[in-house]
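Engineer: Spelled out, the chains give:
Number of protein chains: 2
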Amino acid sequence: MTNFTFKNPTKIIFGKNTISSISAEIPSGKRILVTFGGGSVKSNGVYDQVISALKGFTYFEFWGIEANPDISTLRKAISLGKGKNCDFVLAVGGGSVIDGSKLIASGILYDGDAWDIVMKRDWTANKSLPLASVLTLPATGSEMNAGAVISYREKKEKFAFYSQYPVFSVLDPETTFTLPAHQVACGLADTFIHVMEQYLTTTGQSPLMDRWAEGILQTVIEIAPQIKHNQQNYDAMASFMLSATMALNGFVSMGVSQDWATHMIGHELTALHGLTHGHTLTIVLPGTMWIMREEKGDKILQYGKRIWNIEGENREETIRKIIDRTEEFFRSLGLKTKLSENGAGIETINEIERRFADRKVKFGENRSVDSSVARKILEQVL
Amino acid sequence: MTNFTFKNPTKIIFGKNTISSISAEIPSGKRILVTFGGGSVKSNGVYDQVISALKGFTYFEFWGIEANPDISTLRKAISLGKGKNCDFVLAVGGGSVIDGSKLIASGILYDGDAWDIVMKRDWTANKSLPLASVLTLPATGSEMNAGAVISYREKKEKFAFYSQYPVFSVLDPETTFTLPAHQVACGLADTFIHVMEQYLTTTGQSPLMDRWAEGILQTVIEIAPQIKHNQQNYDAMASFMLSATMALNGFVSMGVSQDWATHMIGHELTALHGLTHGHTLTIVLPGTMWIMREEKGDKILQYGKRIWNIEGENREETIRKIIDRTEEFFRSLGLKTKLSENGAGIETINEIERRFADRKVKFGENRSVDSSVARKILEQVL
Numbered sequence: 006m007t008n009f010t011f012k013n014p015t016k017i018i019f020g021k022n023t024i025s026s027i028s029a030e031i032p033s034g035k036r037i038l039v040t041f042g043g044g045s046v047k048s049n050g051v052y053d054q055v056i057s058a059l060k061g062f063t064y065f066e067f068w069g070i071e072a073n074p075d076i077s078t079l080r081k082a083i084s085l086g087k088g089k090n091c092d093f094v095l096a097v098g099g100g101s102v103i104d105g106s107k108l109i110a111s112g113i114l115y116d117g118d119a120w121d122i123v124m125k126r127d128w129t130a131n132k133s134l135p136l137a138s139v140l141t142l143p144a145t146g147s148e149m150n151a152g153a154v155i156s157y158r159e160k161k162e163k164f165a166f167y168s169q170y171p172v173f174s175v176l177d178p179e180t181t182f183t184l185p186a187h188q189v190a191c192g193l194a195d196t197f198i199h200v201m202e203q204y205l206t207t208t209g210q211s212p213l214m215d216r217w218a219e220g221i222l223q224t225v226i227e228i229a230p231q232i233k234h235n236q237q238n239y240d241a242m243a244s245f246m247l248s249a250t251m252a253l254n255g256f257v258s259m260g261v262s263q264d265w266a267t268h269m270i271g272h273e274l275t276a277l278h279g280l281t282h283g284h285t286l287t288i289v290l291p292g293t294m295w296i297m298r299e300e301k302g303d304k305i306l307q308y309g310k311r312i313w314n315i316e317g318e319n320r321e322e323t324i325r326k327i328i329d330r331t332e333e334f335f336r337s338l339g340l341k342t343k344l345s346e347n348g349a350g351i352e353t354i355n356e357i358e359r360r361f362a363d364r365k366v367k368f369g370e371n372r373s374v375d376s377s378v379a380r381k382i383l384e385q386v387l
Numbered sequence: 006m007t008n009f010t011f012k013n014p015t016k017i018i019f020g021k022n023t024i025s026s027i028s029a030e031i032p033s034g035k036r037i038l039v040t041f042g043g044g045s046v047k048s049n050g051v052y053d054q055v056i057s058a059l060k061g062f063t064y065f066e067f068w069g070i071e072a073n074p075d076i077s078t079l080r081k082a083i084s085l086g087k088g089k090n091c092d093f094v095l096a097v098g099g100g101s102v103i104d105g106s107k108l109i110a111s112g113i114l115y116d117g118d119a120w121d122i123v124m125k126r127d128w129t130a131n132k133s134l135p136l137a138s139v140l141t142l143p144a145t146g147s148e149m150n151a152g153a154v155i156s157y158r159e160k161k162e163k164f165a166f167y168s169q170y171p172v173f174s175v176l177d178p179e180t181t182f183t184l185p186a187h188q189v190a191c192g193l194a195d196t197f198i199h200v201m202e203q204y205l206t207t208t209g210q211s212p213l214m215d216r217w218a219e220g221i222l223q224t225v226i227e228i229a230p231q232i233k234h235n236q237q238n239y240d241a242m243a244s245f246m247l248s249a250t251m252a253l254n255g256f257v258s259m260g261v262s263q264d265w266a267t268h269m270i271g272h273e274l275t276a277l278h279g280l281t282h283g284h285t286l287t288i289v290l291p292g293t294m295w296i297m298r299e300e301k302g303d304k305i306l307q308y309g310k311r312i313w314n315i316e317g318e319n320r321e322e323t324i325r326k327i328i329d330r331t332e333e334f335f336r337s338l339g340l341k342t343k344l345s346e347n348g349a350g351i352e353t354i355n356e357i358e359r360r361f362a363d364r365k366v367k368f369g370e371n372r373s374v375d376s377s378v379a380r381k382i383l384e385q386v387l
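Those sequence lines, one after another, are chains A and B.
If you count the first sequence from 1, position 176 lands on 181 in the numbering used here, and the numbers rise without skipping.
If you count the second sequence from 1, position 35 lands on 40 in the numbering used here, and the numbers rise without skipping.
Any given hint could turn out to be false.
A pair counts as met if it fits within one copy or between any two copies, since identical chains are not told apart.
Mimicking SDA-like on lysine to any residue, the simulated pairs with C-alpha atoms at most 20 Å apart in a straight line are [claimed, not checked]: (1) Lys21 to Phe9; (2) Lys367 to Gly279; (3) Lys12 to Ser28; (4) Lys310 to Thr10; (5) Lys87 to Gln231; (6) Lys125 to Gly350; (7) Lys12 to Asn22.
Hints are computed from structural coordinates only; laboratory data are not their basis.
Source: prediction; values computed, not measured.
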């Protein structure tokens, strides 16, 4: 096990009818910028609950943070927050709203253009207003981590940066009952693959972290058909929400190496084709697993045995079966796992290879995924 | 899943040679009360590392916090801390030193007798100085939770109360290399049974929490023989340390009910016979499992199947096998699992029954363990 530091200060308020608790969590006297996505919270009752809880507070609403939050939208929110002297940000929505709000909370206290904050990659160089969230779409884990991913559509770019942890996040599973089925499928895939990025590395680093990572994978596999059958199944949606949060809050990555090559390639697919984040991962991961099977083979075999009960004499054959089973699971969610099924082709591969070569990036646990390896991974899933 | 709130603000600094990091974690200018146990830290190098890290700070040493920290000892430490105007407490030791230091940190700011704080059961009624720890004995989880258990030997009493979370805790697995084998065995048992108290309840409350609880049990079972073979096995001791901390920091108890009847009975065995805490649990748990098999049977069967691969047609027989296998594991650690092997007998059972009846207590998930059920549990393990 490698040395590590762990601290996650976010308070989670989880369960039915918990949105009203925000009134007790936000210090009185705060001038709150409340940030929203496209408006689905108005039809599912979340908006009314939030507004009711904010009675007595001074607040200003900002609407329209899109999936893969765009710098141009966030600049407008920052401008509003500065103009109204806001000193607290409450994000109401999914990972995109929360990610965007992390930049907003920092940008309000920053004199220059907020994109500078992203490109420095490290928010800690700046100050930030306190931020909290009411989560409505389990997927990214942003409600309990310090990361955020921001897009710059004009440049077709998408970058991650490190920000602050939310002070608190309210997770009411009932807010997910009316989500579009595709969003739920992408959220389940995102949860699964967040875990894989922290798990599919060198074996034997931490037996406990392996078990906990496998525990999330097993739970997602167990609840996925229940959710497909009935998205109003409270216990299944609660398990989904808890799993998504626990998949990317540092709880399964103590003392172990991480990978994230699949994510880095996936971000480019979103930037170039606007594909939903979780969906890009189901396309890329099977390619990463196969092309990186030299490095990751032992862990793939552990994963196959413990999660899918697949074992075999022939190493390559067994690895192939395990990857196929994984892809089959993604397809059972209703997601397509090939580039060609999602409007991408050889030009996309060329462009991603070119970008990675330009940026001279090397991704993955051992920094062995460069532009040419990324090309092989994408060709594998064409 | 039931509604819950989760927040654990403790920073964990984990790994080799991390004790020196305390100098960067404690705010400069603090007047530190450094608390120790019996002196083993002087022979294993921990004391020297701590003192070296405290260079430049004003600090005062308090020695002699015993296993199952006694109120009379803690009163002396509080008196020293008050006299020296200390405003920070650094506990260096195992769970007893940290538990005791939680009361010290609160008692220094309290005008009355510190036992009042324990009997109120809730520290939050009082203030507390900030507290941090350097852990040397993995077992209780006190380094990352808000609980503490304090003894009053004169009265042969032992009670838990809720205190504050440590600001930070340093976990260097190498500090455990020279622990007495019996302490290591008790620590492994304590870790295992902390999990069981949060897991052996109604089934189906949270599939993820079940998996995580099982993950700790599996890890303890996997590393126990490695540790018995070689207590200087860094990775095994690191997994032990991580498992012990994760077993009682709230990470496996989100949205699920808990039990703790075994602990409540175990505390009485310590109070009456001075038995090491972890050891009392290995005696009591098999009795609790058998006597409470009506309530806990479904979960015992899940535990048996997933952890020990034990299944069978006959419910009672299978439960018996699972309990026997659990007891066998405890005995493999070198611990004795019967009252009569540990100097306790029918008088002890009488006294515990009398105490519970006097206090009119009811323990367990469903508050169904009263004095007469506790008697049956203890008779089962006579």
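Engineer: For every hint, state whether the structure bears it out.
Structural biologist: Now the hints, each set against the structure:
Only between protomers do Lys21 and Phe9 lie at most 20 Å apart by alpha-carbon distance; the minimum there is 10 Å, versus 35 Å within a single protomer. When the C-alpha separation of Lys367 and Gly279 is checked against a cutoff of 20 Å, the pair qualifies neither within a copy, at 24 Å, nor between copies, at 58 Å. Within a single copy, Lys12 and Ser28 get their C-alpha atoms only as close as 26 Å, which misses the 20 Å cut-off; across copies the closest is 18 Å, which meets it. In this homomeric assembly, Lys310 and Thr10 never come within 20 Å of each other (Cα to Cα): the closest approach is 31 Å inside a single copy and 35 Å across copies.
In the homo-oligomer, the alpha carbons of Lys87 and Gln231 never lie at most 20 Å apart, since the shortest distance is 45 Å inside one protomer and 59 Å across protomers. Taking the closest pair of Cα atoms, Lys125 and Gly350 never come within 20 Å of each other, the shortest separation being 32 Å inside a single copy and 68 Å across copies. Taking identical chains as interchangeable, the C-alpha atoms of Lys12 and Asn22 lie at most 20 Å apart only when they sit on different chains, with a minimum of 19 Å there against 28 Å within one chain.
Hint compliance for this structure: hints 2, 4, 5, 6 are not met, and every other hint is.
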